[in-house]
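Fit chain B to the given chain A structure using the hints.
Letter by letter, the chains look like this.
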Amino acid sequence: MRVQRLPQKSGNGVLADDVDLSLIEPLIQKYKGKKGNLIPLLQGVQSVYGYIPRAAFERLADETGLTLSDMYGVATFYAQFRLSPVGKHIIKVCHGTACHVQGADAISLALKEALKVNDGETTPDKLFTLETVACLGCCSLAPVMMIDEETYGKLTGSSAVKIVKEIKIKETQQKG
Amino acid sequence: MAETKVIVGLGSCGIAAGANKVYNKFKELKEADNLDFELAKTSCIGMCFREPLVEVVDENGSMIYGDVDEEKAIDIIQQHVLGHNPIKEYVVKTDQFETPDQTYFDGQVKIALRNCGYIDPENIHEYEARGGYQALKKLAHESITPEQVIQTIIDSGLRGRGGGGFPTGMKWRFARANQSDEKYIICNADEGDPGAFMDRSLLEGDPHAVIEGMIIGAYAIGANQGVIYCRAEYPLAIKRLNIALDQAREHGYLGKNIMGIQGFNLDIYIKEGAGAFVCGEETALMASIEGKRGMPSKRPPFPAEKGLWQRPSNINNVETFANVPYIVANGPESYNKYGTEKSKGTKVFALTGKIKHGGLVEVPMGTPLRDIIYKLGGGIQNDKKFKAVQLGGPSGGCIPEHLIDIQVDYEQVNATGAIMGSGGMVVMDETTCMVDVARFFLDFTQKESCGKCTFCRIGTKRMLEILTRITEGEGQEGDIEKLEELALQVKESSLCGLGQTAPNPVLTTIKYFRHEYEAHIRDKKCPAHSCTKLLTYEIDPNKCTGCTVCAVKCPVKAIDGERKKVHHINQDICIKCGDCYNNCRFDAITKN
Chain A
-1 MRVQRLPQKS GNGVLADDVD LSLIEPLIQK YKGKKGNLIP LLQGVQSVYG
49 YIPRAAFERL ADETGLTLSD MYGVATFYAQ FRLSPVGKHI IKVCHGTACH
99 VQGADAISLA LKEALKVNDG ETTPDKLFTL ETVACLGCCS LAPVMMIDEE
149 TYGKLTGSSA VKIVKEIKIK ETQQKG
Chain B
121 MAETKVIVGL GSCGIAAGAN KVYNKFKELK EADNLDFELA KTSCIGMCFR
171 EPLVEVVDEN GSMIYGDVDE EKAIDIIQQH VLGHNPIKEY VVKTDQFETP
221 DQTYFDGQVK IALRNCGYID PENIHEYEAR GGYQALKKLA HESITPEQVI
271 QTIIDSGLRG RGGGGFPTGM KWRFARANQS DEKYIICNAD EGDPGAFMDR
321 SLLEGDPHAV IEGMIIGAYA IGANQGVIYC RAEYPLAIKR LNIALDQARE
371 HGYLGKNIMG IQGFNLDIYI KEGAGAFVCG EETALMASIE GKRGMPSKRP
421 PFPAEKGLWQ RPSNINNVET FANVPYIVAN GPESYNKYGT EKSKGTKVFA
471 LTGKIKHGGL VEVPMGTPLR DIIYKLGGGI QNDKKFKAVQ LGGPSGGCIP
521 EHLIDIQVDY EQVNATGAIM GSGGMVVMDE TTCMVDVARF FLDFTQKESC
571 GKCTFCRIGT KRMLEILTRI TEGEGQEGDI EKLEELALQV KESSLCGLGQ
621 TAPNPVLTTI KYFRHEYEAH IRDKKCPAHS CTKLLTYEID PNKCTGCTVC
671 AVKCPVKAID GERKKVHHIN QDICIKCGDC YNNCRFDAIT KN
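Residue numbers (the numbering used here), protein chains in the order written: chain A, -1 to 174; chain B, 121 to 712.
Just chain A, with the same shape it has in the complex:
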């Protein structure tokens, strides 16, 4: 069932409420009092922070009159919403039908092994979050994954791992 997608513990020890709430002020003003505003509000908050922090839920409740239970009900129903922080890069491995028959499982397994994380988890260095998605609509290039806005097609386990490693190398070079 849908709500089982929620991670059992949120925050991973990160101070989940340590966010600048003024960033969502324009969003609140835009949608305040409008009917059907709940999902766009949550989507807006997530695009600001990458996830929906608890403090943001509380702020939305104060400002818009939406109840916390309604908001959590919706946020836990839809696959799009995250309640804990994510890594800098989000790896979405497509598990649509076309990708499945072309070996998407092998891609996920190889990435899990290389990054040492499970589905939905973030690497300890906060660089990558690994996610499984139902279909990216690039079925003719299956198997496919999407990292941030970039889509990569016709993957194998090793080519997927190579792409991720290259991003990691770039990141370390930038730091150094």
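Note that these hints are calculated values from the structure, not bench results.
Values in this document were obtained by computation on a predicted structure and should not be read as measured data.
Even glycine gets a Cβ: it sits at the ideal position worked out from N, Cα and C.
Hints are supplied without guarantee of correctness; some may be wrong.
What the hints assert, rightly or not - Residues on chain B that point at chain A, a partial pick, calculated with CB under 7 Å:
| id | residue |
| --- | --- |
| 1 | Ala136 |
| 2 | Tyr494 |
| 3 | Val676 |
Showing chain B alone in chain A's frame:
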């Protein structure tokens, strides 16, 4: 003005294959030497298997190049654009000579996809130049009444392309019959079917066609507000829709008294979905627009009476709307001359899976399945044996090889136990395990069940447990019967389409591939060599040359061995991805 035009296909598929790099290369070359040609963008013409695609149009006509990369871009500029000497071996489509890929277009009739790949989707003038908004203008100029529009659509025989196949004109008539000061026309662009991408391609390639279809629909049913419910996973489609909506407003196709028709007011906005398959169902979709959990509700009342915000509403799929302007502009006969007795017109299919030429095709209803797979699709990858084709996604089923000569229309597809659905065709070969396919779909529907109905919530979970057990070699006698019984219960006791159709992939695979289930349960074997728990990869020491390719390709470093000596697979680490098997040039790796 430049005589030569270079057009790069920038659909999501093209971009994934590297089309942005190709576009930038052309731009760089053009600017560096101040070359005299026009650089333009379009979307995908459906030939996804040859992406990135680049079309060169000059005084001699059009040539489309496939598999273009940055190096080929340089060649195209030097030889074709500057040297006027087309590079024939790269050409995939032209009207000047036959190409090996020409068969992909033979037999296609493009109505819904009429502009995809031919226009810049971000430029309203290019849509208008190909007859766009003519249907809407015709309504005003010829004083056509809403009832006449509805009759035209009924006469055309157009049926809902989202999968249900309900006559569109009838649906509009019901919505028209209910009076209200607020009425909604809604476009279902949630396309959640894994394996289907025709809606994405249409929205990316020809957003105005969908918008014009909605405007005509709104006129017919008397709606004054429009909503496009689009998947958030389709950012490019949303971006292009927003551009198209702004342009439609600027040109007076949306707004007040549209085309001078007094009292015909309409605006359309986009509502981004948030990732829930069940929201493709009408009542769940409307709940989601209202900001609630996307749970379906009981009908009646039907949306035509009480839909969005309790007002009369009408929901159609993207492809349905894209057909509407064509039908209104050209008359119902232009459409119903194609197709079979009860299924009229054309249908777009997304051909994917183990097929050589994967992409989008639009063919008249009634085209033989064999033609779609072998003529258009070019047959099976690596010339393996065709096993089945999955139609209709998680609500559909598998059509086995011996039924490949059916003519694809609603009736004949339904008779097999599959459904037309939105038109995703996933081709499977001898290496695809049918039990695993059933498990895959059950896993999907189980996760996507909204949880409202007990049988859908728990029944699909129990079915998934049984299927998982079977694919892991733990199947028991009686499992097949248990699956069949549960399937019937889930079908009969669920409120919405998701639950009612969830068992279909299981039922059709049992119907046509019962022996595969039995092999898993009795012999603990996967005949397709696909279920990883029942597989081991081993290296044949007599054939291994120690070339190290397998060890290099292994993503988890499960293979060790010195160069030029026999290698060894560590079974504890092996994730059974098959990369070694696929890359070994000496047939030294066996799969058991």
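Hint numbers contradicted by this structure: 2
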